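Asker: Now for the letters of each chain:
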Amino acid sequence: MLKPLTGFDLLRPPTLVGALEMMSTLDSTMPIAGGTDIVPTFKDLGSKPVHLIDLGLIEELNGVMEEDGKILLGPTTTHAQILASKLIEEAAPALHDAARWIGSVQIRNRGTIGGNLCNASPAADSAPPLLVHGAEAHICSLEEGHWIPLQEFFKGPKMTVLEKNEILGGIRFPSVKGAGSSFQRIGRRKGFTLSVVNAAVYAERDGEALREVRIALGSVAPTPIRAPSVENKIRGRKMSEELVEEAAAACGEVAKPIDDVRGTAEYRRDMVGVLVKRAMREAWRRAGGEL
Amino acid sequence: MDPVDFRMKNILRVGGHTTCDQVLDSSVGIEKCLTGVAAASEWAKHREPVRVGTKVRGWGVGCAYHGNSTSRSTPDWSAASLMIHEDGSLTYRTGICEIGQGSPFGHAKIVAEIIGASLNDIRIEQPDTDSTPDSKPTHGSRGLMMGGTAAADAAIKLRERMVRVAADMLGCPEAQVELRDSQAYNRKKPAAKIPFAEVAEQMHIRGENPASYGFYTSPQRFFNPETGLGHNYAVYTFAASVAEVEVDTETGQIEVTKIWPAMDVGKAIDPLIIDGQIHGAISHGIGFAIMENLQLKNGVVTTTGFKDYVIPSALDTPEIDDTIIVEEAYKHAAFGAKGVGEPSILSIVPAVVNAIHHATGLRFSTIPITPDRMHKALKEAGKC
Amino acid sequence: MVNFQLNGADVYFEAPDTMTLLDMLRVELGVKSVKKGCEQGECGACTVLLDGYPMTSCLILAPQVEGRHVYTIEGLVDNPLMKELREAFMENGAVQCGFCTPGMLLSAYALLRDNRRPTEEEVKTAIEGNICRCTGYVAIIEAILDAAERIAPD
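Protein sequences appear in the order of chains A, B and C.
With the first sequence counted from 1, adding 1217 to any position gets you my numbering.
With the second sequence counted from 1, adding 15 to any position gets you my numbering.
With the third sequence counted from 1, adding 338 to any position gets you my numbering.
Just so you know, the hints here were simulated from the structure itself, not pulled from any lab data.
Take the hints with a grain of salt, since some may be wrong.
Stated by the list, open to error - Below 27 angstroms or equal to it, Euclidean Cα-Cα: the simulated BS3-like pairs (lysine-lysine) are:
1. A:Lys1372 with B:Lys322
2. C:Lys373 with A:Lys1407
3. A:Lys1260 with B:Lys70
4. A:Lys1407 with B:Lys346
5. B:Lys151 with A:Lys1407
6. C:Lys421 with A:Lys1220
7. B:Lys24 with A:Lys1473
8. B:Lys322 with A:Lys1407
9. A:Lys1407 with B:Lys398
10. C:Lys374 with A:Lys1260
11. A:Lys1375 with B:Lys398
12. C:Lys374 with B:Lys322
What the hints assert, rightly or not - Where chain A lies over chain C, by a calculated footprint (3+ residues, C-beta under 8 angstroms):
13. 359-373
14. 397-406
For clarity, every value in this text was computed on a predicted model and none was experimentally measured.
Note that the Cβ used here is the ideal one computed from N, Cα and C, for glycine as well.
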């Protein structure tokens, strides 16, 4: 007999202000949306009781839209909504790729992009695509909200910079015509599974050169990371298989993975290179390039 | 030497001795299973691995045999009961449990075949420890082989009485009585059919026993526990499979793309049910070979839940060729039927592991062959 | 107090915040088709349709279905598409122990409702979140394709 859930109550504010007020005034709060990551964690006794603040009724936190050349994602937007969005498929194909591989139909119908990011697993599949698209995270509280680069949002494994009275209010990234991106991952079976290692690449093309390139790696550090040293090495150069090999090797140097129940550090370090190669080639192709 | 040829030289045949020095005097279908899957998979055309981009495709064969019912000559038996009601329907009782495998349904088919009843007229009663005959456990690949033979015994006994009464009602010798589709008729005058309800009514009037108790005990065997030699199992189910796999040499990920399965089932009582077992076992075998890994740390399981104890999903299902059903009847069981449930997984795992060897040249002696293990082996062999 | 629609009927139930939708349905309201498997959203045995979308009820807190529509197979008994699926499942041998079956049927139902002629790959993706250990999925996939054929013949 599995233990029933314990240690929380559930508050369901209909407005954003209401939710933020609760988070500012109540002791020990935690936002919840789809709950796919956090509901099972309440089986273990011992942690301090929390007030779960359900963000699901707040309409303004849900949806995908384009405004002033930027794509805006509400934090309670589900992976299913992202997968179905033609806007995302065109503007951020890497994010579309990742949405397909997050969970099953059932999980995608419930799990949210905000939840995926706030859970802050180093293996979070939505992180590398957003990182390479230069995404920013909206830190929202009763005070004036502010945007920070997404790479500053993650503090450590399962830790974000959100203070107790703050929520992730949204994600935004620029919509760049002609840019290509790709997400690649290694799983332990073809069916849905947590990524052993993942990566994304973003490319803007200027003829045969990489006008802009961004690389993000997951599961090879305490948080999802960009690889600026590698990006700087290859930015502006003519795209070629040799360049792809060079980037892949350099990423292997940058990666600092650990052994865990899902995979060995050695394997992750080796795979980071393979995934970056595949992502680079596909991002380049999607940007209209040929190799 | 070619793996199939090697096996052909070493497989058991009728008259052969097992590792326990048991002489198999009948019901040895491994040769037909092996030649069957070799032909179906066009084995001879796939003797070299094939490169497909970063992947390499290989083919492997596996053979297996699995004892039915008890080992080391431990006596085994099973009981069942059958009765015909005045409306011509029958109630069948067995202690073999329906857990989705379809074994009691197989018993009903055996009864239907012997008694000549329509399957729809046979009701299989839910087992009740108070009133159901003890068929002994539902395990050990014995549900159909042992339980079904007890069913056959019950059916044969009841049939005898039904035929006697029907012969009298039809005015013909017992040898001419045909029982079919819940009707009795004279084979030589088939137009005049008597429904079972009338036969049952007459049995009631005449005081003919409408119920029977079936009992089957496996033949006596001898096994020496000191030496480990003798008759281990009463009969064995044989199986062979060929697996086709693709190994991504860059990532070590393995995909089982196709399986060709074959099994000597003695007698196929229900092919759909056999396929159900074989397909389930293929999925489970793939899990064993490349995914499932129960890990412990200081005696505590660390792979709790399906997140980390990875089993195949629908997306991991390979293409599966039609099951080659071989029928080398077991002379002591109803219609020759042998068990299918457990044996079906045994040849899958070696076929997959051998296919990985064919594709990569690398042998593994432990499973699962997860991507990181595969990749490490390829790396160390300089193959990626 | 949770007010919601269950299989087309209004339900009012005093569910504590810590109760999952799975427990409310199966344990409290007697909806036995919804099964407890892993209670982590991995196996799909607890799948229900929430506002028409398949979701694992073990991860949903009971109060979160306030004002919403929940469907299980009990509520789709007379639905023509579900009837075809049931027939197809039975005829193709897609049911062995039956534990995964309600979840499979709901996932298949949601697929065929929105995609009348899915490819084999689309069928597998639709049931990716429903684990089966008995059938190896083959008969289930064939049953779903069979049902699709019958509801939308070429």
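Asker: Against this structure, judge whether each hint is valid.
Answerer: Here's how the hints hold up against the structure:
no.	hint	in the structure
1	A:Lys1372 with B:Lys322	holds (24 angstroms)
2	C:Lys373 with A:Lys1407	holds (25 angstroms)
3	A:Lys1260 with B:Lys70	violated (43 angstroms)
4	A:Lys1407 with B:Lys346	violated (44 angstroms)
5	B:Lys151 with A:Lys1407	violated (40 angstroms)
6	C:Lys421 with A:Lys1220	violated (36 angstroms)
7	B:Lys24 with A:Lys1473	violated (52 angstroms)
8	B:Lys322 with A:Lys1407	holds (13 angstroms)
9	A:Lys1407 with B:Lys398	holds (24 angstroms)
10	C:Lys374 with A:Lys1260	holds (15 angstroms)
11	A:Lys1375 with B:Lys398	violated (37 angstroms)
12	C:Lys374 with B:Lys322	holds (16 angstroms)
13	359-373	violated (count 1)
14	397-406	holds (count 6)
Checked against the numbered hints given earlier, the structure breaks hints 3, 4, 5, 6, 7, 11, 13 and satisfies all the rest.
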